[in-house]
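A.B. asks: Line order of the protein sequences matches chains A and B.
Heads up: the first sequence is residues 223 to 409, going by our numbering.
Heads up: the second sequence is residues -3 to 206, going by our numbering.
Source of the hints: derived by calculation from the structure; they are not laboratory data.
Keep in mind it's a predicted model, so treat the numbers as computed, not measured.
Incorrect hints may appear among the rest.
[Said to hold, decoys possible] On the chain A side, residues computed to face chain B include the following (Cβ under 7 Å):
| hint | residue |
| --- | --- |
| 1 | 230 |
| 2 | 232 |
| 3 | 233 |
| 4 | 237 |
| 5 | 238 |
| 6 | 258 |
| 7 | 345 |
| 8 | 348 |
| 9 | 351 |
No residue lacks a Cβ here, since even glycine has one placed at the ideal position from N, Cα and C.
These are the residues of each chain, in order.
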Amino acid sequence: MSQERYPKDVVLKDGTEIILRTVCDDDLEKLVQFYKDTQLSFRWFLKEDPCDPEVVRKWLENQKVGKSFSIVATCQEMIVGNAAMLMRPYGGRKHVGRLRTMVAHDFTNKQLGTWMVFDLTKRAMEMGLEKIRADFVVGVEDVAIRAFRNMDFVEEGLLKNYIRDENGTYHDYKIMIKQLHRVWSDF
Amino acid sequence: MANQISQRVERQTRQGNVILHSFCSPDEIASLSFRETFSRYARYNPIISKKETLIETASKPDANVTLAFTPEGKIVGFAMLVYPAPEERWLRVGEQVMMEVSVIEVSREWRSAGISKALLRLVTDHPLKEDRILYMVGYSWTWDLDGTGIAPMSYRDMMINLFASCEFKIFQTNEPNIMMRPENLFMARIGANISEPVQKRFKMVRFNLS
Chain A
223 MSQERYPKDV
233 VLKDGTEIIL
243 RTVCDDDLEK
253 LVQFYKDTQL
263 SFRWFLKEDP
273 CDPEVVRKWL
283 ENQKVGKSFS
293 IVATCQEMIV
303 GNAAMLMRPY
313 GGRKHVGRLR
323 TMVAHDFTNK
333 QLGTWMVFDL
343 TKRAMEMGLE
353 KIRADFVVGV
363 EDVAIRAFRN
373 MDFVEEGLLK
383 NYIRDENGTY
393 HDYKIMIKQL
403 HRVWSDF
Chain B
-3 MANQISQRVE
7 RQTRQGNVIL
17 HSFCSPDEIA
27 SLSFRETFSR
37 YARYNPIISK
47 KETLIETASK
57 PDANVTLAFT
67 PEGKIVGFAM
77 LVYPAPEERW
87 LRVGEQVMME
97 VSVIEVSREW
107 RSAGISKALL
117 RLVTDHPLKE
127 DRILYMVGYS
137 WTWDLDGTGI
147 APMSYRDMMI
157 NLFASCEFKI
167 FQTNEPNIMM
177 RPENLFMARI
187 GANISEPVQK
197 RFKMVRFNLS
């Protein structure tokens, strides 16, 4: 099965032209800088510190060994978005991809996140995944929750007061799932 | 124009001999039979099920209706290249700039014989092709997934390979019907004489920004 072709050009709703492409080793420094430039209140909820070059180096390695599929969005050579489909090569979660997305502050509310998720959804289907999971912090990532609902992600779980922000305040943690259909139903 | 540029090719296939003819005239289409090979199936309805649609299209300006038919006159495949309908966003790129491969169809019994590739090559071999942006939209709900027995993403790959053979490339668009399903597809071939400003307008229209 052929892969989605990269790079891809998209135009955001304000007319900004963006290139979507897969990450490569040369992106290490730019990716670290991208995450350093994002608000702490958002990157706080990632499982690892993306401002640490070793963390990003590991992410790039994961791409090479098939544990993830990651794309960057660039605008005039600058990384303005990063999204990854994280996969388990073994066991009961092998059919599930987990999404991690981050958009630069200046590029929020322009549908860049939507384009990246839409792109990774296609890639997930090509890879034969059956479900995509995305987790959100309620009260912090509400815009993203609404956007994912519009992309047919369904709320499948809510962990009450599960996650703590950088100030120590507890938030609910929402798990959303998108089912990927291999065929049309007979209805 | 049609008489000067129409091409006629004969092919041997394991299903039998087939004749491919581009820029078919309405009279020629009317003389061929259609119904026997393009029946409806429980889970698949061909986009075009009436010969009249082909006849009507063949009489439109610059349109190319290319047919594949048996020596006995049974149509077994067809493809059409036409200007988009007035309600389509692609008209905003410019008057008579975009032309759509609006349909390419081979009857189930005649598939896997290279007919679709030959149809596509003939239907896009248009004297204006370097002055036009040719495009196609692929909606998975129109695909014969049941007849081919493959999943939508595999069918999508098949379409990509087919159109790539005629220099079409995938382009992103926010056209709502294409966005509706991840496997849906938009491809285009930008003619060599298309200017930079028109290419830029094409890009903007793809994202509904002009």
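A.B. asks: Now look at each hint and say whether the structure bears it out.
C.D. replies: Hint-by-hint comparison with the structure:
Look at residue 230(A): its Cβ gets to within about 5 Å of chain B, closer than 7 Å, so that hint holds up. The closest approach between the C-beta of residue 232(A) and any C-beta of chain B is roughly 5 Å, which is under the 7 Å cut-off, so the hint is satisfied. The interface hint given for residue 233(A) holds, since its Cβ lies 4 Å from the closest Cβ of chain B, which is under the 7 Å cut-off. At about 6 Å, the closest approach between the beta carbon of residue 237(A) and any beta carbon in chain B falls short of 7 Å, and the interface hint on this residue holds.
Given the 7 Å rule on beta carbons, the hint for residue 238(A) is violated: about 10 Å separates it from the nearest Cβ of chain B. For residue 258(A), the shortest C-beta to C-beta distance to chain B is roughly 29 Å, which exceeds 7 Å, and the interface hint is violated. Annotation: interface hint on residue 345(A) violated; nearest CB of chain B at approximately 9 Å, more than 7 Å. Hint status for residue 348(A): holds, given a least beta-carbon distance of 6 Å to chain B, under 7 Å.
The restraint placing residue 351(A) at the interface with chain B is violated, with a minimum CB-CB distance near 11 Å, outside the 7 Å limit.
Hint check: violations occur at hints 5, 6, 7 and 9; the rest are consistent with the structure.
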